[in-house]
Amino acid sequence: MAPTLSSAITISAVGLFFKALIRARSTSFEVRNLPILLDALNKSDTPSIVGPTPVVDPSNARTHSGGTNITERADGDRRMVIGEREKVGMVDVDVGAERFGKGEGRRRGLVTVCNHNSVLDDPGMWALMPLSNYFPLSSPKWTSQHTRWTLGASDIMFTNSFFSKFFTLGQVIETYRGGGVFQPAVDQAVKLLQSGEWVHIFPEGRVNQQSINPSGGLFRFKWGVGRIIMDSTTLPEIIPMWVSRFDTVMPETRTWPRLFPRKGGKLSVTIGQPITHLIRPLVEEWQNVSRSSSGPLGIGGDWVSSSSTSTSSSSTSSASSSTSSSSPSVGNPSTPISLSDPELTSTLSRTSSPSVTPSSTTASSRGRTVERHGVEDKENREKGLMAGGREQEIRIRITAILQEQVEKLGREVERLEGRFESGEWSHSTSRRSS
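Note that the working numbering has the sequence shown beginning at 1, numbered continuously upward.
Rather than coming from a laboratory, the hints here were simulated on the basis of the structure. Note that the structure is a prediction, hence the values are computed from the model and not measured. It cannot be assumed that every hint is accurate.
Said to hold, decoys possible - Lysine to any residue pairs mimicking SDA-like chemistry, simulated, CA-CA at most 20 Å apart:
1) K383 <-> I396
2) K191 <-> G374
3) K378 <-> Q287
4) K378 <-> P184
5) K408 <-> F219
6) K266 <-> V119
7) K222 <-> Q188
8) K19 <-> K378
9) K378 <-> R254
10) K19 <-> P136
11) K222 <-> E382
12) K378 <-> F182
13) K378 <-> G389
14) K191 <-> G179
15) K165 <-> D155
16) K222 <-> F182
17) K43 <-> L192
18) K43 <-> S139
19) K266 <-> R254
20) K19 <-> F260
21) K165 <-> V119
22) K222 <-> R206
23) K165 <-> F17
24) K408 <-> W223
25) K266 <-> S422
26) K191 <-> F17
27) K165 <-> G152
28) K378 <-> F219
29) K19 <-> I9
30) K263 <-> T253
Stated by the list, open to error - Estimated spans, in silico, between C-beta atoms of each pair:
31) N288 <-> T27: 48 to 54 Å
32) F420 <-> R206: 22 to 28 Å
33) N380 <-> F260: 44 to 50 Å
34) P281 <-> N42: 24 to 30 Å
35) R220 <-> E382: 16 to 22 Å
36) E404 <-> A153: 31 to 37 Å
37) N288 <-> F17: 45 to 51 Å
38) E421 <-> I212: 20 to 26 Å
39) S294 <-> E252: 46 to 52 Å
40) V31 <-> S154: 27 to 33 Å
Beta carbons: idealized from backbone N, C-alpha and C, even for Gly.
Turn these sequences into a full structure, and let the hints guide you.
In structure tokens form, the structure reads like this:
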């Protein structure tokens, strides 16, 4: 849900605009399996049993051959159910460490992972949502429901004050290229998941089209998405998505006016089945590894324990209070004052400089120690030294699984479109590997 009225208005206006624009500038625009996404957005983080998600009435559908679970209704309305939904029982992580809170009663966080076909992909995420999610049709009326957060490059989307304000209202987190997976933007994305938000990621990190990548295939996914998932205090629902033919509307080779969409082909957005069960064992492994450390390690987006910080502050305040109450009174009007009084001279000398007591020194030192440990933990994770390299290995494995599943979804979509038979450029499959 958009946090402010101005954000809700911005998101709704842009979403409705692109909903109309995409339909106007394409031959058709199809959204497949939208109920899967809407179900995930309405899911609480209390444990639930994974069950099948019906997309069409089986009695009114026939299944196509070739291994792809595609259904076509008798009235010609085609739907696609990508992948088999594995029944794995509880999809939530049963977390034991105190830093991994269950947070029951909140909406469960959601991470969607998608290929990046054009600059129109992200507005397409807004355009696929039902009208009831937008201001003023949503409830409450001053909000915009089920609105994604995403990460956007600072050098592209935050180049001036107007763009910065616009994209911030549009729930885009400013991200710095080369800033690494432990930069503040990634910390913020992790924290958003703790509040039950939807974070949409394009892990390729850049647009992928034939003019840029002639041989086809996905670019290697950035590891930041692995860190966002593994550092969430409650495992979010994880869903792959695939956008197709958006490059026909906004090709990178377009000339002036570059901002104006071209007339494109048949656009589609396909939502795959949740793959949370594939990631869960790796997140549990990271939880076990992290239990040996006393610091938060960036889990939940935090590097310094809030309890340690508050304890240090409390100790410092107590020390200051104690110092004040034990200091001799210098301003008592009932006491005659003599500037030659050696006791007064000593008192004035002590109070004219900052008072440092053993307890306040200890509290300040403790605070610096906690902060230093947070910096060291971040440096160790950045260098791949945490737990003998196991943390980095887990992060890479999570990212690899995400890429495999998005690629699998893309192949099924492009097979349906007939790309492989026609020899058309493929976003999912490299010609070198096919």
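For each hint, the structure was consulted:
no.	hint	in the structure
1	K383 <-> I396	13 Å, holds
2	K191 <-> G374	17 Å, holds
3	K378 <-> Q287	17 Å, holds
4	K378 <-> P184	11 Å, holds
5	K408 <-> F219	14 Å, holds
6	K266 <-> V119	17 Å, holds
7	K222 <-> Q188	17 Å, holds
8	K19 <-> K378	41 Å, violated
9	K378 <-> R254	42 Å, violated
10	K19 <-> P136	16 Å, holds
11	K222 <-> E382	14 Å, holds
12	K378 <-> F182	7 Å, holds
13	K378 <-> G389	13 Å, holds
14	K191 <-> G179	18 Å, holds
15	K165 <-> D155	14 Å, holds
16	K222 <-> F182	12 Å, holds
17	K43 <-> L192	16 Å, holds
18	K43 <-> S139	17 Å, holds
19	K266 <-> R254	18 Å, holds
20	K19 <-> F260	15 Å, holds
21	K165 <-> V119	19 Å, holds
22	K222 <-> R206	10 Å, holds
23	K165 <-> F17	19 Å, holds
24	K408 <-> W223	19 Å, holds
25	K266 <-> S422	16 Å, holds
26	K191 <-> F17	30 Å, violated
27	K165 <-> G152	13 Å, holds
28	K378 <-> F219	27 Å, violated
29	K19 <-> I9	15 Å, holds
30	K263 <-> T253	14 Å, holds
31	N288 <-> T27: 48 to 54 Å	51 Å, holds
32	F420 <-> R206: 22 to 28 Å	24 Å, holds
33	N380 <-> F260: 44 to 50 Å	49 Å, holds
34	P281 <-> N42: 24 to 30 Å	26 Å, holds
35	R220 <-> E382: 16 to 22 Å	19 Å, holds
36	E404 <-> A153: 31 to 37 Å	25 Å, violated
37	N288 <-> F17: 45 to 51 Å	47 Å, holds
38	E421 <-> I212: 20 to 26 Å	24 Å, holds
39	S294 <-> E252: 46 to 52 Å	49 Å, holds
40	V31 <-> S154: 27 to 33 Å	31 Å, holds
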